[in-house]
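Engineer: Once you've looked at the hints, dock chain F against the given chain V.
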Amino acid sequence: MATLEIDKREFDELLGESLDEQKLIEEASFLGAHWHSIDGNVCEVETYPNRPDLLSVEGLARAYRGFFDIETGRKEYEVKDGDIEVEVDESVEDVRPHIGGAVVRGLDLSKKKINGLIQLQEKMHETMGRRRDKLAIGLHDLSTVDAPFTYKAVEPEKVSFTPLEYDRNMQLGEILDEHEKGQEYSWILEDEEKYPIIEDSEGKILSFPPIINNQLTEVDSGTQDVFIDVTGKDRATVLKALNILATALEERGGEIESVEIDGEKMPDLSPAEFTLDPDYFREVSGLDLERKEIVERLEMMKYSAKVGKSIQVEVPCYRNDVMHQYDLIEDIIIAHRYTNIDPELPNVDLIGSQRDIEDTAEVVRDIMTGAGALEALTYIHNSKEDLTENIEREEGNFVKVDNPLSEDYSALRDLITPSLLEVLKQNKHRAYPQEFFETGTVTELDESSTGASNRKKMAYIKSGANTDFTDAREKLQVLERDLGLEIDVETDERPFFQDSRAGKILVEGKEIGFIGQFSEQILENWELNHPTAGFELDLEKVHEHLKK
Amino acid sequence: MKLSSQALEVLKILREDGPQTVTDFEEKGLDQSMVNRAALDLEEQGLIDLEEDEEFEQVLTDKGLEVKEKGSPEYRLVQKASDGSVEISELDDIPKDIAIGKAREQGWIEIKKGEVHLTSKGDEIEKDLVKQRLNEQDFTESDEDRGLIEVETSTKRRLSPTEKGEGLDLEDVELDFNVEARTSTPRTGKKHYYKNILQYARQTWMEMGFEEMEGDYVVPSFLNFDALYTPQDHPARELHDTFFVENPETADLSEYGDKVEHVKETHEDGWETGSRGYGGKWSEEEAEKNVLRTHTTAISARTLHEIDINEEELPKKFFIVGRNFRNETVDRTHLAEFFQTDGIVVGKDLNFANLKGYISKFFEKMGYDKFRLIPSYYPYTEMSVEVQVWDEEDEEWLGMGGAGMFRPEVVKPMLGFEARVLAWGLGVPRIAFMAAGLSDIRELYRNDIEIINETPVWRPDWR
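Read top to bottom, the protein sequences are chains V and F. Each position in the first sequence, counted from 1, maps to that position plus 180 in this note's numbering. Each position in the second sequence, counted from 1, maps to that position plus 139 in this note's numbering.
Treat each hint with caution, since some may be false.
[As the list claims (entries may be wrong)] Calculated cross-link-like contacts (lysine-lysine; reagent style PhoX-like; alpha-carbon spacing at most 20 Å):
no.	chain 1	residue 1	chain 2	residue 2
1	F	K219	F	K235
2	V	K314	F	K420
3	V	K580	F	K428
4	V	K608	F	K167
[Unchecked claim] Covered, in the sense of this in silico footprint (three residues per stretch, anywhere, with C-beta under 8 Å from a C-beta of chain V), are these stretches of chain F:
no.	stretch
5	487-494
6	583-597
Keep in mind the hints are simulated off the structure, nothing from the lab. Fair warning: this is a prediction, and the values are worked out from it, not measured in the lab. We put the CB at the ideal spot given by N, CA and C, even for glycine.
Chain V on its own, in the form it takes in the complex (with noise of 0.2 Å):
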């Protein structure tokens, strides 16, 4: 999501109307870019990805023109055939392969357009773009330069000019060591031998994309006739990213003129042709809408649209979204208005239910806390040391995190018991003695296709000065008794309990679960002051052996 600023005058102007700040707020939103707020005349308003045709104000001013009705139906721009032409080298082939390019003349561009022409090419680089990696792009006046251009790759150290921000020659290789730019995206270059640049006929360099432009062809308030040129990986996206550009430009009172690159016109600013079935419109969307009425939405959002036995539809050539009816559907809505749909119910008999496990899960919740015990609710993530050292655990087997915030989220838990102590830590200061449940989630590897599957079980833990193994085996056997479970407890040995107070739960003789009382070094080890006991069960298994 980009956010933008733009200036209601200039908002205004090219709406050709003014809207009151009341009208903007409350009903613009409902296009799909929020309008957060208006401060004098800033406006801050939100886009989402889906429509990169929205980042500047000139793209914004043209959705609206037919969202409030001011101007509706698809705008058809003209492309004057002009003669300038740009050989593509074949070097590009393995950096960056893919050009378009457009010329807009007879601008008249003020400090304030500028900026937001800035604005309109960060926006893109971030989103679209991602990150200048698939599109980046340089806009250029076309008065410093002379075609035709000349798009190559070369070794770093062969070229060198004077990018912007900087008053020396550098070459490209040091532009990505030494200039800002350079430095924040130099990673996309990374592992190429050659970089990518744009000259001209004279040898003068145009940029060197996706880096930098050279300070040469910078547009200021005198520029007239702008070069445009969109560089990337993506062909499709190179081309929509570069008809978003010379339409915005049109808008402000530019003509388009073609390029001609390796022989192909560009750019092509015809629109799109989809065909949408008004029944599949009224079905999916519950409006009962006559043809007619579908029109006048899809030409409020701009499309152009004829009505025949299903109806055409023209979709304007800066539109990047449109995929399917379903986008179509959706823009007819949008323009309807979604505060003008009735809520409705369909008249279905279906049953609601819920997992076996999470009913046995609540049981033993209503058990445990009428037994006097607090419920925590505690963390899927864990640090390795917590599930390893910290229980006197050897190297354990539980899902690792690739990528963790920090040591402390770099594990997923395999057993609830190291959560339930690094509560009562959180406790410390509060009275004793002091005892927690939790039914909760594990994560545990196995044969599963993920190779990880979640599990649910339970835990026990109390502590305080007259603490000890009994209080556990108490809490146990109440379990036991309000489950109707016959459970038994057998000697046994777990690192973080003492050896003569631990031992492992079964039921019918199969092994469900480990009661104990902590060892001192686990006390230590979690800062606890008081003796403490506790018990964790599967509680899968326990519901398989409570199931008839």
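Structural biologist: This is chain F only, laid out in the frame that chain V set:
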């Protein structure tokens, strides 16, 4: 003699354990106000002596703590001017009015043309005496005048049995029963307030006829992204948004059979979905990478795959309330792990008005009467909407999550045939926040005994 039962209890403890302070009683689990009332009662009857010790303690104020940590403003000023002079405008990171005032008072500096110059006396300063005093707790009056320290008074009540109290025959005591007096509130077992609210949400979906679906935290990118028509170069798939799994690193996608190929073709050219696709090449290797699910919508995608039914068996309704994981920096308003509730309705003749119907019903049951949908964007839904509810208390619209209709590019490959799917992913932590009066989202998982104990049970239509 007549005594309240509480007074009798306090007296018994004093006779057994000897003199105690009110704090000692509190540690035994007795309520403070109850002990105080009992103490007055017992004193009146001459059974105990009450002593009140006033203790004075000098403690550092916030200002004092800052000085203790960073040094006194005047010393920091002298340090900044250690080259002889410094411009006043460069002193923004220290409290400069105090610094200049104090340093001048001591004759350490002179001010000329907006610059601070060290005097010869100032040049000789080597130690921050103020900071040293605070560190050694060797306070002077001037520290108090400057507001670096303040005096805290605390009263300690000490109860000791008199001879009469020790000798009283407890058999002779008549209980003076006071029904109007408050007693202490016992400590009991209790459920966690947030879990209860999540439980309420689950209950609500069941009442609305939804069936619970299940799924794991570790899912292949295929489910979390690709099946949900999220392009492979989408920013959400980068390391700074999604947790990838080191072990187990990849998933075996063979259980999805032909669907993997169908998803691939859908991304590339739309396959049989009526879409034009994204273009470009789709990589299966990318789809095999395990991630911690970033939304429960991954489980909705899995359910489309798993239900394995034909058109006649529709409609179906599913829900899940579960945790998700996102690579976010944790602070007062963000967690790296959070609950979300997803739902899908799969049917042949569902529409956008129905989506509005289900969501408004759910939030009405959760206590929000007014709601609205605003256009938004998700790669896997179209219409994509943001769900907002009207908060009566704060008088503002609150974002509660996203919703929409799954794109045909999601439904046909995963379900195997065309159908309409209403889908949503909503959050309810806001409700828990209000119920427990929290201002920091991390508190939801901190399990402070006091907060769990004191938070009343939540119901949407209770005050």
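Engineer: Now, for every hint given, state plainly whether the structure supports it.
Structural biologist: Here is what the structure says about each hint:
no.	hint	verdict
1	F:K219 to F:K235	holds, 11 Å
2	V:K314 to F:K420	holds, 14 Å
3	V:K580 to F:K428	holds, 14 Å
4	V:K608 to F:K167	holds, 16 Å
5	487-494	holds (count 6)
6	583-597	holds (count 9)
Comparing the model with each numbered hint stated earlier shows that all of them hold.
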